[in-house]
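Asker: Chains as they are written, first to last, in our numbering: chain A, 1 to 152; chain B, 1 to 158.
Hints in this document: simulated from the structure, not taken from any laboratory.
Hints may be right or wrong, so weigh each one.
Stated by the list, open to error - Selected chain A positions facing chain B (Cβ under 7 Å, derived; list incomplete): (1) 30; (2) 32; (3) 33; (4) 103; (5) 121; (6) 144.
Because the structure is a prediction, the values reported are computed rather than measured.
Every residue, glycine too, gets a C-beta built ideally from N, C-alpha and C.
Chain by chain, the residues:
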Amino acid sequence: MPRRRAGRPPLLEPNLTPLVDVVFLLIVFFIVVAQITTGERLDLTPPRLLDALTAQADESRRVILNVAPADQVRAVGGAYLLAGRAFGGDEDGLAALADRLAQMVARDPAIAVTVRADRLEDTARVHAALRACATAGVTRVNLVAERVEIPR
Amino acid sequence: MSRAADARAQRRRRGPARLALTFTPLIDIVFLLLLYFLLVAQFKSREENLELDLPRSGPSARADPFALPAEPITVTVRSTGDGARDLAVGSDDPLIGAPGTLDEFAGAVARAAREALTADQLVLIRPAPGTRWEHTVSVIHAVKRAGLPRVRVLEPAA
Chain A
1 MPRRRAGRPP LLEPNLTPLV DVVFLLIVFF IVVAQITTGE RLDLTPPRLL
51 DALTAQADES RRVILNVAPA DQVRAVGGAY LLAGRAFGGD EDGLAALADR
101 LAQMVARDPA IAVTVRADRL EDTARVHAAL RACATAGVTR VNLVAERVEI
151 PR
Chain B
1 MSRAADARAQ RRRRGPARLA LTFTPLIDIV FLLLLYFLLV AQFKSREENL
51 ELDLPRSGPS ARADPFALPA EPITVTVRST GDGARDLAVG SDDPLIGAPG
101 TLDEFAGAVA RAAREALTAD QLVLIRPAPG TRWEHTVSVI HAVKRAGLPR
151 VRVLEPAA
C-alpha cells in the first residue's frame, strides 16, 4: 500500500461543478418547454362532467384549438387560438381558421383537434369553431372537459 | 500490544475525530427532488378529452344505398343559469319526452337506447341561443354515455 504523505489530508471532496452545471441546464430546458406547452393553452375553466367517459389526452398528433373567453379576446388578438396563432371570430377569421386546419389535415389526415372552451362560453362560438373543423375535413375532435368525482 | 490498544493509541496521537456532517450532497439531492416534484405538478393536467365525430362535408360522405333512412332524434338544450345542473333538456322524440333536468334526460335516453334504439341512431343536439358550453357538453356526454355514439351539435337556434 502506498504511504500517504504526512500532514496533507486526502482529497475526498467530489467536484460538484459539473453536476451543478447540468442541473442548471436541465432547469432552463424544462422551464422553456413548460412555457411552450402552456402557451398553447389559454387560462380558462373547461366544462366539468360527473362520472365522465373521458380519456386522458394522447399527447401525440394533436393540435389545440382554444376558444378565447370574451375578456381574453383582446390579449389573445382574436376569438380563436390555434397552435399559437390567433384568428378572428368574423367570417374572414373563420375562413382563415378553416384554411389553416385544412393545411394541417393535408399534412396528417389522422390529426386530432382538441377544442378547449370555457364552461360558461356561448355554444354558438364553439359551434363556429366546430364548423370550421368540419369544413377543413377534420373527422374527429376532442372536447376538453374536467372529470369530477361523484360526491358520496 | 493488542490490536485494539494499538488503534486507540493511534487515535490519541491524531487528536479527536471530526464529527462535522457534510450537508452538500443532502442539499443537492433535496434540490433535485424539489425540481422533480415541481415539474411533475406542473405537467399533470386535470383536463381530459371527450371524443366527438364531425360530419364529413361535401360529396365524399359515404352513403349506403341499401341502408334504411333512420330518423334522427333532435334534442334541445337551454341554460337556466350558470351552475353545472342549471339546464333544461328535451326532445321531440316520444321515447325521451318533454324538457326536464339533465338527470331525467340521461335516464330517459339510456332507457330508450336500451329498449328501442340501435347504436347507429343519429342524435342531433340543438342548443337554444346563449346556451352555456358546459350544458351542451353535458348533453353530448349523456347521449354518448347511453350508448349512442353518433352525436352532432347543430347551430344554436330557438
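Asker: Failing hints, ascending?
Answerer: Violated hints (numbers, rising): 2, 3 and 4; every other hint is consistent with the structure.
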